[in-house]
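J.: Residue-level listing of the chains:
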Amino acid sequence: MCVAVPARIVEIRGGLLPMATIVVGGHSRECCLAYVPEAVVGDNVLVQNGFALEVLDAESTRQTLEAFASVGVVFDEEGVDPAVS
Amino acid sequence: MSTRFVLDEIVDPFAARVLVTRDSDGHIAHARFDLSSLPRIDQLLAGKPVVEVTRVVERLCGICPVTHHLAGVQAVESLTGVDVDPAAGDVRALLHYGSVVDALAVHLAARERTVAVAARCWGRAAMAAAGSPQHFPTTAVPGGARSAATEADLAAAIAVAPAGLETLTRLAADQIGDRRREDFDGWNLALTDDDGRLHPLGSRARVVDAGGDVAVEVPVGDLGELIVESCPGQPAPRPYIATGGPDAGRYRVGPVAQLLAADVATPRAADLRQRWLDHRSAAAARTIVAVAAVEAAMTLLEKGRLLGLDDPGEPPVVDGVGVGAVDGPRGLLMHRYQVGGGVVTQATIMTPTAQNERWLADLLTHALRADHGLEDAVRAADPCLPCSSAPPGAMGLDVTDIDGGA
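Here the protein sequences line up with chains D and C, keeping their order. Using the working numbering, the letters of the first sequence map in sequence onto residues 1 to 85. Using the working numbering, the letters of the second sequence map in sequence onto residues 1001 to 1406.
Keep in mind the hints are simulated off the structure, nothing from the lab. Do not rely on the hints blindly, as some may be mistaken.
[As the list claims (entries may be wrong)] Each computed DMTMM-like pair below joins lysine to aspartate or glutamate, with the alpha-carbon atoms no more than 25 Å apart: (1) K1303(C) / D1025(C); (2) K1048(C) / E66(D); (3) K1048(C) / E38(D); (4) K1048(C) / D1398(C); (5) K1048(C) / E1225(C).
The following block holds chain D by itself, in its conformation from the complex (with noise of 0.2 Å):
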């Protein structure tokens, strides 16, 4: 499936292919802003494989994070494979 991340925009860099720095699971990320050309800094995005698809209001991304939590998904910098036992 297109897992996608909420994750909260702290710094756009402009261009023809803006940019911003984003925090997922208390971690630094970049990501392309090109979908979602309206995006400011403060607002909480949608991530996929380094592309913003969405900007999400505060409550969707509560849900979004509790949806995987409650199948026991967490987001980690040091990860093990995503494979299921």
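Could you slot chain C onto chain D? The hints should help.
T.: For chain C alone, kept in the frame of chain D given last:
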């Protein structure tokens, strides 16, 4: 016990990778798209109460949440045998149609910006009119639907529909003449209604061969037996149609397969389909399916029974096997839940991306041999990744030689 997903594999840019094997003379023997970045979430549903699964499943997919939402709810309903109120069925269908047009907008953004904006505007208005204005839908519940949509929401969707239909019809007519033809010698799978016409929430699954003849047709409830995974549980499960076997049973899903499998029920899209059959480009197929979506949605909006839905209440929890299927923007998505004691004991989510892997492999192999059209191949098969809708030249495909077989 928790399952850790490495951030690198979900969040970081995925080098959209094409894996190539060569023969002893160095010629391209086979190419395939690397699906290893798409984890199998269905395996994580085992052990969870089935009433919780429907509430979370649509949150696990970022690109096509509506399709997963509807398929998951249908799977639970098929367990209970509950009949869905026709008005609730209309609201769900409207939600789906909105998602189809919204998905098209992403593909059009780079080259048809005005049409893309109009498509997104209408798609979002339709989904709001179906009670799901946010990215993650909430409309469908087992046994029915709930919607806080108002008369104003419906009016907003109705107001922009005619212009949107005209725009999409013109675009489809322009695209039909595209010389790129997405041939495939495998089968084509799509959902139909009981009359054999395309219906994204239909009750029957139809498979047609490359010549257009029906190879097999089953109720949606039998999809779990019809579709067999060659590599069970893998991100690339290599499914095939059981009656054809692992090789002859290879198949594809999506707009091209849909238009080859059955007639369209709505007039403009039906006319476009007839003209399309001589050309068969994937881009035109996507737009024609969107035209059909808008036409069907306009009928639902005018029928006027999308508000004031009754809450069906929690359905009884029943053990057994439930199957839900939706022919979404990228093709048929199946959710199959095996339930015992109210808990999911085994779940299978068969995505369009997994089902189209072999078609995409054919397209990539052909494109690499011709040294042309690699990005077009990916756009045609439309794997559920952000790269599929990247602007021309920006897909970032990484072609890598690998040893051994595919």
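J.: If a hint holds in the structure, say so; if it does not, say that too.
T.: Verification of the supplied hints:
no., hint, in the structure
1, K1303(C) / D1025(C), "violated, 64 Å"
2, K1048(C) / E66(D), "holds, 14 Å"
3, K1048(C) / E38(D), "violated, 37 Å"
4, K1048(C) / D1398(C), "violated, 38 Å"
5, K1048(C) / E1225(C), "holds, 23 Å"
Going down the numbered hints, you'll see the structure goes against 1, 3, 4, while the others check out.
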